[in-house]
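Top to bottom, those sequences are chains A and B. Position 24 of the first sequence, counting from 1, maps to 24 under our numbering, and the rest follow consecutively. Position 83 of the second sequence, counting from 1, maps to 83 under our numbering, and the rest follow consecutively.
Bear in mind the hints are in silico, worked out from the structure with no lab data behind them. Note that the Cβ used here is the ideal one computed from N, Cα and C, for glycine as well. Any given hint might turn out to be false.
[Said to hold, decoys possible] Every beta carbon over 10 angstroms from chain B, so not counted as near; a handful from chain A, in silico:
hint, residue
1, Ser19
2, Gln33
3, Leu43
4, Tyr69
5, Thr79
6, Asp81
7, Asp90
8, Gln95
[As the list claims (entries may be wrong)] Sample of chain A residues facing chain B (criterion: CB under 7 angstroms; computed from the structure):
hint, residue
9, Pro8
10, Asn38
11, Gly41
12, Tyr48
13, Thr53
14, Gly99
15, Thr105
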Amino acid sequence: GIQVEQSPPDLILQEGANSTLRCNFSDSVNNLQWFHQNPWGQLINLFYIPSGTKQNGRLSATTVATERYSLLYISSSQTTDSGVYFCAVDLGGNQFYFGTGTSLTVIP
Amino acid sequence: NAGVTQTPKFQVLKTGQSMTLQCAQDMNHEYMSWYRQDPGMGLRLIHYSVGAGITDQGEVPNGYNVSRSTTEDFPLRLLSAAPSQTSVYFCASSYVGASQETQYFGPGTRLLVL
Chain A
1 GIQVEQSPPD
11 LILQEGANST
21 LRCNFSDSVN
31 NLQWFHQNPW
41 GQLINLFYIP
51 SGTKQNGRLS
61 ATTVATERYS
71 LLYISSSQTT
81 DSGVYFCAVD
91 LGGNQFYFGT
101 GTSLTVIP
Chain B
1 NAGVTQTPKF
11 QVLKTGQSMT
21 LQCAQDMNHE
31 YMSWYRQDPG
41 MGLRLIHYSV
51 GAGITDQGEV
61 PNGYNVSRST
71 TEDFPLRLLS
81 AAPSQTSVYF
91 CASSYVGASQ
101 ETQYFGPGTR
111 LLVL
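Okay, chain A solo, but in the shape it has when bound:
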């Protein structure tokens, strides 16, 4: 199956700092999504981004499909950004493969 690798595995930031999370995948994908899992376990979709760049407030994402990676940018981080960030990819067969996540802790 496809390999989905995320880096870094853990990240600790001071409130207000910026960060970049990376997702590498081993095959061409039909669909790529970024999710945030909050400390209570709820999974929230952040971006559907199989290619190109999107922005939503302090978050933005870029996927370079030809080079098989995606980046999630978090600017001016807040304590509410804490949690685990996952990327998930679909090869076109309705089967999503998740990475192991980046655990982010934002310190006040």
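Assemble chain B onto chain A, guided by the hints.
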């Protein structure tokens, strides 16, 4: 809309017992799926369905059965629970064929098998 709902929130089973995890969505989504989340391993797809009457296996289907008799409901059955099935289970749904196939997740069911 209630979105994606899951019951129960938490369950303890003994090895060999059976149970059904319930999942329902009120967004008229065609695609529904079940994942399990284990520490340090991300989410892994168990089974999925692209519409009523259609189901298929995901990455880790062994020990689980599913059925999809209605668009709204997608129950996951454990016929004979094993300690290796201790995990957090998430149900998700989305449109199929839409230009943006955002997945919506339920709140999860924590299962402990003793």
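Results of checking the hints against the structure:
At roughly 19 angstroms from the closest C-beta of chain B, the C-beta of serine 19(A) stays outside 10 angstroms, upholding its exclusion from the interface. Distance check on glutamine 33(A): its Cβ comes as close as 6 angstroms (rounded) to a Cβ of chain B, failing to clear the 10 angstroms threshold; non-interface status is violated. A beta-carbon of chain B is positioned within 10 angstroms of the beta-carbon of leucine 43(A); the least distance is around 4 angstroms. Look at tyrosine 69(A): its CB is around 17 angstroms from the nearest CB on chain B, clear of 10 angstroms, so calling it non-interface holds up.
With a least CB separation of 22 angstroms from chain B, threonine 79(A) remains clear of the 10 angstroms interface cut-off, as annotated. For aspartate 81(A), the shortest C-beta to C-beta distance to chain B comes to about 18 angstroms, beyond the 10 angstroms cut-off, and the non-interface label holds. For aspartate 90(A), the condition that its CB be more than 10 angstroms from all CB atoms of chain B is violated, with the nearest at approximately 8 angstroms. Residue placement check: glutamine 95(A) does not keep its beta carbon more than 10 angstroms from all beta carbons of chain B (closest about 6 angstroms).
Violation of the interface hint for proline 8(A) is found here, the shortest Cβ-Cβ separation to chain B being roughly 14 angstroms, above the 7 angstroms cut-off. With its C-beta approaching chain B no nearer than about 11 angstroms, asparagine 38(A) sits outside the 7 angstroms limit, and its interface hint is violated. Taking 7 angstroms as the C-beta contact cut-off toward chain B, the hint placing glycine 41(A) at the interface holds, the least distance being around 5 angstroms. Checking tyrosine 48(A) against chain B: minimum C-beta separation of about 5 angstroms stays under 7 angstroms; hint holds.
Of the supplied interface hints, the one on threonine 53(A) is violated, with its beta-carbon coming no nearer than about 15 angstroms to a beta-carbon of chain B, more than 7 angstroms. About 6 angstroms separates the beta-carbon of glycine 99(A) from the nearest beta-carbon of chain B, less than 7 angstroms, and the hint is met. The beta carbon of threonine 105(A) is not positioned within 7 angstroms of any beta carbon in chain B (closest approach about 16 angstroms), and the interface hint is therefore violated.
Checked against the numbered hints given earlier, this structure breaks hints 2, 3, 7, 8, 9, 10, 13 and 15; the rest are met.
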